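Trainee: Place chain B with the ligands on chain A using the hints.
If you read the sequences in order, they're chains A and B.
Taking my numbering, the leading residue of the first sequence gets 4, the next gets one more, and so forth.
Taking my numbering, the leading residue of the second sequence gets 83, the next gets one more, and so forth.
Any given hint could turn out to be false.
Okay, the calculated bits of chain B under chain A, using three or more residues with CB under 8 Å as the criterion [unchecked claim]:
hint	segment
1	107–116
2	161–169
Pair by pair, the computed Cβ-Cβ distance ranges are [stated by the list, open to error]:
hint	chain 1	residue 1	chain 2	residue 2	range
3	A	Val85	B	Ser122	22 to 30 Å
4	A	Arg144	B	Gly155	24 to 32 Å
5	A	Arg144	B	Gly315	48 to 56 Å
6	A	Glu8	B	Asp217	55 to 63 Å
7	B	Glu370	A	Asp120	33 to 41 Å
8	B	Thr109	A	Arg135	32 to 40 Å
9	B	Gly105	A	Thr219	24 to 32 Å
10	A	Arg135	B	Pro327	57 to 65 Å
Where chain B lies over chain A, by a calculated footprint (3+ residues, C-beta under 8 Å) [what the hints assert, rightly or not]:
hint	segment
11	119–125
12	137–151
Derived by calculation from the structure, the hints in this document are not laboratory data.
Bear in mind that the values here come from a model prediction, so they are computed numbers and not experimental data.
For each residue, glycine too, the CB sits at the ideal point set by N, CA and C.
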Amino acid sequence: MNWDEVTPLLWPATRETLYMTGVATLFTAVLGLLLGVLLVVTERGGLLSAPPVNRVLSFAVNVGRSLPFLILMVAIIPFTKVVVGTSIGNAAAIVPLTVGAIPFYARLVEIALREVDTGVIAAAEAMGATRREIVGKVMLREARPGLVSGLTVTVIALIGYTAMAGTVGGGGLGNLAIVYGYQRFEGKVMLATVVLLVLMVLIIQAAGDLVARRLTHR
Amino acid sequence: MIQIEELRKTYRVRGREVTAVDGVDLTVREGEIFGVLGRSGAGKSTLLRCVNLLERPDSGRVVVDGEDLLALGGAGLRRARQRIGMIHQHFGLLGSRTVAGNVAFPLEVMGVPRAERAERVAELLDLVGLAGHADAHPAQISGGQKQRVGIARALAGRPKVLLSDEATSALDPDTTASILQLLRDLNRRLGLTVLLITHEMEVVKRICDSAAVMRDGRFTESGRVTELLARPGSELARGLFPLPPAEPRPGTTLLEVTFAGDSTDQPFVSALARKYSLDVNILGGAIETIGGERVGRLRLELPGGPEANAAQIAFLRDSGLTVVLTAPATDQEDAR
Ligand SMILES: Nc1ncnc2c1ncn2[C@@H]1O[C@H](COP(=O)(O)OP(=O)(O)OP(=O)(O)O)[C@@H](O)[C@H]1O
Ligand SMILES: [Mg+2]
Chain A
4 MNWDEVTPLL WPATRETLYM TGVATLFTAV LGLLLGVLLV VTERGGLLSA
54 PPVNRVLSFA VNVGRSLPFL ILMVAIIPFT KVVVGTSIGN AAAIVPLTVG
104 AIPFYARLVE IALREVDTGV IAAAEAMGAT RREIVGKVML REARPGLVSG
154 LTVTVIALIG YTAMAGTVGG GGLGNLAIVY GYQRFEGKVM LATVVLLVLM
204 VLIIQAAGDL VARRLTHR
Chain B
83 MIQIEELRKT YRVRGREVTA VDGVDLTVRE GEIFGVLGRS GAGKSTLLRC
133 VNLLERPDSG RVVVDGEDLL ALGGAGLRRA RQRIGMIHQH FGLLGSRTVA
183 GNVAFPLEVM GVPRAERAER VAELLDLVGL AGHADAHPAQ ISGGQKQRVG
233 IARALAGRPK VLLSDEATSA LDPDTTASIL QLLRDLNRRL GLTVLLITHE
283 MEVVKRICDS AAVMRDGRFT ESGRVTELLA RPGSELARGL FPLPPAEPRP
333 GTTLLEVTFA GDSTDQPFVS ALARKYSLDV NILGGAIETI GGERVGRLRL
383 ELPGGPEANA AQIAFLRDSG LTVVLTAPAT DQEDAR
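Here chain A stands alone, though its shape is the one from the complex (with noise of 0.2 Å):
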């Protein structure tokens, strides 16, 4: 192959690679954090205090922060295919990705709130300020620059899901690489794919510390 063959190759194979990418970070920021936030409100003597509820979210998080990515993606199938009919190709890949993803922000989210003083949050209580307030508008806001760079960490963790995916049948720049640089010896494929996906990465962390930074006054 010369490259007037492999550029055509390169762009549905990175939109696949972005849309799951997307779509799976989109879940997961809503999903993670929502669980992030449930995992320190409901720790003894947190704002919800409810231990029993606390040991159950985080044994689940453990658990799916422990199966490797491609156990897990198998494992989840018969899940996957209630969710979206189907078992193969990128909308499929997107559940996976997502369910994968979400204990590891989910643990981000709870070391960043995690470092929000406790005397601010008191002084907010002693406002008489109501718990959904502390939490929106003290811990959230407070820790947001945590909050992005957890995201990042999370999005790049993504990406590195997607071309797992992309090897069983999920699409996307794994799929190519898979396909053509290892099945079929193209060099050239193989190369593209890896510059795509560090470039990605790098343009990634470089926005998600760009706004951490932005949201930092120090």
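Mentor: Chain B with the ligands alone, transformed into the frame defined by chain A:
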């Protein structure tokens, strides 16, 4: 304005019980500044946090501005808290918000409309002398300025009561003085009742009308500062006016004389010397102006043993002074 009865709070840490507040009674009158002084771990913060129920006491009563806080439900308690200002040792400011945004926060919580909020914020920043810093972030201002933001924020809801948890402990002496001055001004101008806790004598000396000394969860003494100073054996007096340890030389009597309130303007040392033709030695002392009154302690040495000085001691006591005899330490040692 603040009334606390038989307050008790015990923490359980890994099966061990720590009684942080052990039956405290406290009354803070309207418009006064009340200081609770105590060492680290005495239970001061716990006591203060019980006043707006950040901490729920195990038993007792907490009445603020006529309202029994322990009888209130969630929403009622939140409304009550909006009328009780609080300032914190480490300020407790939102780092992500500007100075103005921080002061606006309690107004948002209270549901004040946006336009009104901006006006009130400007007014409050003016009140604490921070008008020019509205758009700065907390990280960009000094500790003293941060505490001013904290004070402005605490006053947003026009509270009658301000609680202060070591508000000046993180500040240098000059800044401490200016913050204390500000609290004094606000107390006078707005009729604000202040309950503050501190481990610094200086704070009590500068601005408190009344004070209590707290130790192991209890008040060991409590009352108006000038009264406490005149009380024999008062820890507060000893702390405010430290005299070096001393024991009488043979054939002399050592007295610790505390004067406060009405007794301050008489020249009692020279009166004593003249009346009994004595040579009075002043071995140490400190005199300060507290709450506009002159207060102090002196250590006097009189010739002759305590029996020989009975009339002189009675004279001093009749003049309204508090007199404590320093016992010779050697007696006890001989007795061993
Ligand atoms: N949340 C808590 N859990 C368990 N024990 C606590 C808690 N808060 C306070 N204590 C204990 O209660 C006692 C009183 O603490 P408190 O913070 O009220 O003291 P303090 O007088 O404010 O001390 P400091 O001057 O150091 O702030 C201490 O022995 C402390 O260890
Ligand atoms: Mg304390």
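Trainee: Run every hint past the structure and note whether it holds.
Mentor: For each hint, the structure was consulted:
With 0 residues bearing a CB less than 8 Å from a CB of chain A, the segment 107–116 of chain B misses the requirement of three and the coverage assertion fails. Counting residues of the segment 161–169 of chain B whose CB lies closer than 8 Å to any CB of chain A gives 6, so the stated coverage by that chain holds, three being the minimum. The given range of 22 to 30 Å is broken by valine 85 (chain A) and serine 122 (chain B), whose C-beta atoms sit roughly 59 Å from each other. Between arginine 144 (chain A) and glycine 155 (chain B) the beta carbon distance is about 27 Å. The supplied range of 24 to 32 Å therefore holds.
Checked against the hint of 48 to 56 Å, the C-beta distance between arginine 144 (chain A) and glycine 315 (chain B) comes to roughly 52 Å, which is consistent with it. A hinted range of 55 to 63 Å for the beta carbons of glutamate 8 (chain A) and aspartate 217 (chain B) is consistent with their spacing of about 58 Å. Our hint of 33 to 41 Å for glutamate 370 (chain B) and aspartate 120 (chain A) holds, since their Cβ atoms are close to 37 Å apart. Taken as a hint, the range 32 to 40 Å holds for the pair threonine 109 (chain B) and arginine 135 (chain A), whose Cβ atoms sit roughly 36 Å apart.
Roughly 47 Å separates the CB atoms of glycine 105 (chain B) and threonine 219 (chain A), a value that falls outside the hinted 24 to 32 Å. The hint said 57 to 65 Å for the Cβ distance between arginine 135 (chain A) and proline 327 (chain B), and at roughly 58 Å that hint holds. Requiring three or more residues with a Cβ within less than 8 Å of a Cβ of chain B, the coverage given for the segment 119–125 of chain A holds, as 4 such residues are present. Coverage of the segment 137–151 of chain A by chain B holds in this model, with 5 residues showing a Cβ closer than 8 Å to a Cβ of that chain against a need of three.
Going through the hint list in order, the structure does not satisfy hints 1, 3, 9.
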